[in-house]
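Asks: Turn these sequences into a full structure, and let the hints guide you.
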Amino acid sequence: MIQRRTQTGTYWQQQFTLSGKDVQFVLDLILDAGRPMGEALLARRLIERHVKQEEETIRAELSKGVVYQPQNTYPAGEDLIFPALDYAHGTVVGTRLGRNPDYGEFTVIQVRFDGENDIREFASDLRGEHALQRGGDDEDLLSASNLLSPDDLYEEHGEYVEVEMSATLEEHEEFVNFRTDWFLRDLLVDIDLGYRNIAEALIEIKGRPLTTAEFLPDLDLPAEVPEEIRVFSLNHALDQDVRFDNVGDRGRDIWYLRRLTPEAAIAPPARLEIERVPYSRPRIAEELLLIEREIDDEGSGEEVMGPSRPLYKTAIALIYPHWRAGTLPLTVRTRGLFPESPNHHSPVVLVDGQSGDRMQGWVVHEHGFVYGLADWYQRYELPVGTYIKLERTRDPRVIHVDFEPRRLKRLWTRVAVADGDRLTFQVLKLPVACEYDDFLAISEDNPEAIDRLWAASHARGDTLLQVLMRVVPELVKLSPQATVHAKAIYSAVNILKRTTPGPIFALLSSEPCFVPMGGGYWTYDETLVGS
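Those letters in the sequence shown? Residues -18 to 512, by the numbering used here.
Hint data in this document are derived by calculation from the structure and do not stem from the laboratory. As the structure is a computational prediction, the values presented were derived from the model and not from experiment. Mixed in with the good hints, there may be bad ones.
[As the list claims (entries may be wrong)] Listed next, the in silico DSS-like pairs over lysine-lysine satisfying Cα-Cα at most 25 Å (straight line):
(1) 370 x 294
(2) 390 x 410
(3) 33 x 2
(4) 410 x 458
(5) 33 x 45
(6) 390 x 370
Replies: Listed below in structure tokens is the structure:
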């Protein structure tokens, strides 16, 4: 069977382009629909068009002559069609005898193709099996059962068609797009500066992000225009205006003002920027691998935490970097609770499980955290290690955040203290009124001084090993047994260097100066440094 060009990946992935007629075809599709059309649907229609065009070309070529088959006889003057040569048309201009050890005697036909002067030779009167031999009539070239349908071709190659189509349409000013939908500029509702100023004022008055539909009652756009076109026109206009920030999630567009968006939602706090340190996971001690899974760090992927599953509620222990930044990590355990979005950040409502108060939160998808909990942490004096309970509501954009309260007690807690240019630790009694992971718990006596230590460590370019060798000796001083738990080491290291548990635990497992004492506890032996 001769394979059609449109049945090959090479055609769609390397050769496909939009001709002027293709562009007009797309324009007519949108004009006839009278509404915006998605790039996926347009790509499917283009694939259907090219498949149909190739079939029509084949029919036209087949009508010009006889389909060449090597077992048949062709006299001089016969018009032939060669499917294997892209249905090229040629005329037999001569013959001669031929012989082949595999096929015996046969006739060689000499063919001149349209537009060529050179003569090419082909076998005819051939006896025996040959790859170009076909049974049946010419209709099998048009109706083979193994042809992929346009829908099948889209599933395999649609993304290449979409990319090429979008790039071409962007070069034609009569087309406009928003996200993956295309429309015609002349059919847009004119959203002038006045309308956009009203939209800005509405966001300020409401004090929250607004969906596109929420603007419409106050904008008084032409009622005779279908709402779908009004929404598309407004989305397109706001998207072109630098004042507005699309913070929507999947399935809807939500607009806010860039000047009102919290800075942390646009640029992640330095405390959350993970420093990727190369390490070997096989070097991590078995007990540390188990402890690693208990730490909810957004930098620990599924290779550490196991596969992500859809959840409606979960609980995590709050880690130091997010306690400091007033955020929550989007981890393997928590990510599924929050709405996804193709945008950098999108809003959510966080409901205080203790009071029922609603708080404005921001899911920063690109950097893996939820912003908006600093005041909540401070209100309830939640320490590092607090077990934060998360529960999704019927509205996927509303999340309950809570903790397990308990009677207020003053408990011994590790406190980071800046002693000149050194990070040291003390154990002080601090008020605690919630369930928490004591191993992770750590506090600060002077955040500004701790920030200066952080900045100095970064300016020096301290390695993770250097930080560990400063932190661990200070931590073991706090215990009569001169030991410290691996989780406490992780928390303390993150005061100076934002690092996931994996690299820390790999160094604990491989450097001789860090000595395991069992049960997740470690000590430090200065005499083994460098051994």
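Asks: Please go over all the hints and tell whether each is borne out by the structure.
Replies: Checked hints:
1. 370 x 294: Roughly 7 Å between the alpha carbons, so the hint for residue 370 and residue 294 holds.
2. 390 x 410: 9 Å, holds
3. 33 x 2: 14 Å, holds
4. 410 x 458: The hint holds at about 17 Å.
5. 33 x 45: 19 Å, holds
6. 390 x 370: 21 Å, holds
This entry satisfies every hint, going by the numbered hints stated previously.
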